[in-house]
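Residue numbers (the working numbering), protein chains in the order written: chain A, 1 to 699; chain B, 700 to 778.
Simulated from the structure, these hints should not be mistaken for lab results. Beta carbons are placed, not taken as given, at the ideal position from N, Cα and C, and that holds for glycine. Any given hint might turn out to be false.
[Claimed, not checked] Quick list of in silico lysine-lysine cross-link-like pairs, BS3-like style, CA-CA up to 30 Å:
hint, chain 1, residue 1, chain 2, residue 2
1, B, K757, A, K518
2, A, K282, B, K764
3, B, K769, A, K167
4, B, K711, A, K276
5, A, K171, B, K711
6, A, K235, B, K735
7, A, K71, B, K711
8, B, K735, A, K202
9, B, K740, A, K484
10, A, K270, B, K735
11, B, K717, A, K193
12, B, K717, A, K419
13, A, K235, B, K711
14, A, K239, B, K716
15, A, K110, B, K717
16, A, K268, B, K702
17, A, K171, B, K769
18, A, K270, B, K769
19, A, K390, B, K717
20, A, K479, B, K764
21, B, K757, A, K123
22, B, K764, A, K270
23, A, K276, B, K702
24, B, K764, A, K122
25, B, K769, A, K212
26, A, K419, B, K757
27, A, K276, B, K764
28, B, K735, A, K71
29, A, K390, B, K740
30, A, K235, B, K764
31, B, K735, A, K268
32, A, K167, A, K44
33, A, K235, B, K740
34, B, K711, A, K123
[Said to hold, decoys possible] On the chain A side, residues computed to face chain B include the following (Cβ under 7 Å):
hint, residue
35, E80
36, L84
37, N93
38, L107
39, R109
40, L383
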Amino acid sequence: MKQIKIALVGQPNVGKSMLTNAMGDTTLHVGNFSGVTVEKKEIKFKYKDYSINIVDLPGTYMLTNYSMEEKVTSDFLNNEQYDLILNVADSTNLERNLQLTSELLNLDRKMLIALNMTDEAKKEGISIDAQYMSELLGVRITKVSAATKEGISELIQNIVTTYESNKKQNKLVFSESIEEEIRNIEQHLNDNKFQTEYSYRKIAIDLISEDKERYKELLENPIWVTLQPILLEAKNHIKIHHDEEAMIDIFADEFISFNTAILTETVKEKNVDSEKLTTTQKIDNIFIHPILGIPIFLFLMWGLFQLTFEVGSIPMDWIDGFFGWLGDTVGNNIANDDLRSLIVDGLIGGVGAVVLFVPNIIILFVGIALLEGTGYMSRVAYLLDGFFHKFGLHGQSFIPLVTGFGCSIPAYMGARILKNDKDRLLTLFIIGFMSCGARLPVYVLFIGAFFAPQYAGNALFAIYIGGAIIGIILAKVLKMTAFKGESEPFVMEMPKYRMPSAMLIWHTVKIKTFMYLKKAGTFIAAASLLIWFLSNYPKNDTLTFEFEQKITSAQEAQKDDLSNLLNEKLLEQSYLGQVGKLIEPLFEPLGMDWKMAVALQTGLAAKEVVVSTLGVLYSLGGDVDEENSSLKERLYANIPFASAVAFIIIMMMYLPCLAATVVFSREAGGFKYVAYLFVFTTTVAYLFAFVGYHIALLF
Amino acid sequence: MNKTIVDCLLNKTYIIKKLHTTGALRQRLISFGILKGVQIKYLSSTNLHATYEIQVGKMSIALRKEEAMKIEVEDYETN
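The whole structure should be built from the sequences, with the hints applied where relevant.
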């Protein structure tokens, strides 16, 4: 069986992913390119005697290093091992797409082209003579449509044929002034019998077009001494001839001339009335309307979040119920107390908490995939960039930030829509300031305990809005300090509106969900075991024994109180309690005791846990919720108002839950970012809590 | 005073005269086919003219005002 490794390259929005899905029974492997958070999709399938492996490279307009994605693609094409390049182009916009094609031809590798969206081109009255184009370019060309699966088998056959045949010299030609210099350099290389894996022509073109890799290579070679003056003169000639300063402009111009020549020969387009609006323009007249645009967007977002958190909560209840049942059933079959607690509370409870968010993630990602796949997302960036740019953010930051009000996990994952690294990191750092749904019970509990019912709504609103405002202001602060530097330019394509295929959306969502379950699941299972251990050990048998005797002899009415007191004492002397005692001095300036410190620590595992921990610590047992009136009374009796304010402020700002932190670490690109996030959020939370505490003391 | 995209009239065609930028942004613009001699059309802008939408060939490109101001244009003669 022969292996064919293919590098799949194309500009964004040409339907690359859809094409790979259309190529048949595929096994998809998704990972990251080494060292960066750019998704690497690989597809393997068998055809006749061949095992075909396609690496789907990130979409790129040109082989430049503008974004992380573009860098990944050009690095892969230049340095990795592969057998041939499959270039996908959009038949309805060849003028743009051939720009990349000419650059790819210049790589001088075995290559073939798939003209995708043939069906759409037909509808638009564009006819392409692929046969002739193929002769002119010197590479095989197949007309395909990923949507209708037209031409797919022919494409696969052409892959094999290209693989088996010898590499043909491509027919990329430049204007005479450049061709002359290419010949000069070729001649010089030939005279010196220069040893290389590339053709002399490619080396000459690379040198003239100022390809850094080629320079590096030749600089180490003795031929450089004699080559340099020739090259210098060649470049001067070309620049004088083209009346331009930069080579990149000259070459872009050359490619355009070359492509225009090819297209005039091979593409016939029905004359369209340029005054008549296209469907996309009609839709955009409404969607990016100066006044209606933003309200329409807000409405769509509102709808998406309603779906995510309302519809999502239905299966969440089932999942919660299932893990509860599983815990009970398994628990009943384990005789050993410690082992049962480990499996039921630690393992099943921890994993259950992770699985619980899956419905939210699926719904939200179907929504985002739809918004992205249709082309609407770039309109969002266009509409909102004006506002967000003032705070150093990007128009598209809005979506992950609003998602953060529901749950930080999909928000961190959603930040991937930001293609620029700095924009994405900045957004990731402030997502936590949007209070997630899990913090709501804690807020409700404290507001209920410390505010009169008529102020409760306002207080809650203030918490949410306050967090968001502080977050956005902090974005500005970060932008001026840690993420300093010139702000990234905003130049992006607003693609034609298209209906993405259900298949593609399903694939995207499936991949994201599995990634979440795999990475977060394994790590969180381990971490929840750790927290379970810290709060349950060391055991204190004498204390337990003492209390159990008291409980047996006590009157019925006191039994509950005593067992609650036992739980409190046990937690106090557990490792977690010991840590709480140890860090108590740190919390003293905020008016907090070790109990509040411990509650905040358990919140690092999951925010909902804070309520049950407070229940244990204030001797009511862990089985309480935010509506529990006796817990409210106890909090009111035991905690000064100012300390409660400080506690809420910390809840609003410190590190998100463990699951979210793990996802953050993956999306930001490493554990060191968790350290930064920890320092950043802790400092901010502490400072604000300190100020809040002292202001509250005045009342 | 050079005429740039921000001075264009809606739905009128212009020719790019010069890109007043270097480095990454220039590369970015060129990769979208925005370079000297190319026809462009100003399609829309947002409320406070923070972002602009222009048409280059068959593509719609969104740009920030800062970037739009770096693209010098001249009127397209239809004779």
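Any of the earlier hints contradicted here, and which numbers?
Failing hints, ascending: 1, 3, 5, 7, 9, 11, 13, 15, 16, 17, 18, 22, 24, 30, 33, 35, 36, 38, 39.
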